[in-house]
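Q: So the chains spell out like this:
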Amino acid sequence: AQSVAQPEDQVNVAEGNPLTVKCTYSVSGNPYLFWYVQYPNRGLQFLLKYITGDNLVKGSYGFEAEFNKSQTSFHLKKPSALVSDSALYFCAVRDTNTGFQKLVFGTGTRLLVSP
Amino acid sequence: EPEVTQTPSHQVTQMGQEVILRCVPISNHLYFYWYRQILGQKVEFLVSFYNNEISEKSEIFDDQFSVERPDGSNFTLKIRSTKLEDSAMYFCASSEAGQGGNQPQHFGDGTRLSIL
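First to last, the protein sequences are chains E and U.
Counting in the working numbering, the first sequence tops out at residue 115, every number present.
Counting in the working numbering, the second sequence tops out at residue 1116, every number present.
Derived from the structure by calculation, the hints contain no laboratory data.
Here a beta-carbon is modelled for each residue, glycine too, at the ideal position from N, C-alpha and C.
Certain hints may be false.
Going by beta-carbon spacing under 10 Å, a handful of chain U positions derived as facing chain E [what the hints assert, rightly or not]:
#, residue
1, Ser1009
2, Gln1037
3, Glu1056
4, Ser1058
5, Gly1098
6, Gln1105
7, Gly1110
Take these sequences, add in the hints, and give me the full structure.
A: What follows is the structure in structure tokens.
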């Protein structure tokens, strides 16, 4: 069965500094990988996805993520953090071997960007 | 930008009662989903729906739960005989028909269900 691990409950970074939110996954086939962000009292907002091709994918709001097949990782990055990036970030995976659409989510990482 | 809308935003129900959560997916989407998030826990898949039938369901989605697309726009989740442990945030999502599920799922803001 597929699974996602987000090893950090919280990441603290100063505004203007680069940020990384870590994600590792486990699937039986090839993964489709997604990052979502959740602001207070809101739903999950899609940021970016990796399906195939270039290992570095770019998404909304200046975020990018790097797919590493050998390390089964898909870390979210941003070169320069903003206070407004403070939110809860979820990594999710779909196992293409299963033939189904469901996403399996990690437990989430709270990003706190200080001024 | 089109959005998935969910109503109500908060539902309070007595244990044992039936509740219906409503969702309006994005209009050109063909796949529909329900997820739930118990407070402090991860987002969990409940069910996916395509072509007017359930395409996948999780172990959570037992006979207590049902889904329906009663018309061309709404997608509902019914929970019968609610239990205290059904208290959670319920998210509806929808996606386009991509190749093998490569399209992102777009989520609504959720319905917070509180069972008393």
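Q: With reference to the structure, classify each hint as holding or not holding.
A: Evaluated hints:
1. Ser1009: Check passed: Cβ of Ser1009/U comes within 8 Å of chain E, closer than 10 Å.
2. Gln1037: Status holds, d = 9 Å.
3. Glu1056: Since the shortest Cβ distance to chain E is 4 Å, the answer is holds.
4. Ser1058: holds (7 Å)
5. Gly1098: At about 9 Å, which falls below the 10 Å cut-off, the nearest Cβ of chain E leaves the hint on Gly1098/U intact, so it holds.
6. Gln1105: holds (6 Å)
7. Gly1110: holds (5 Å)
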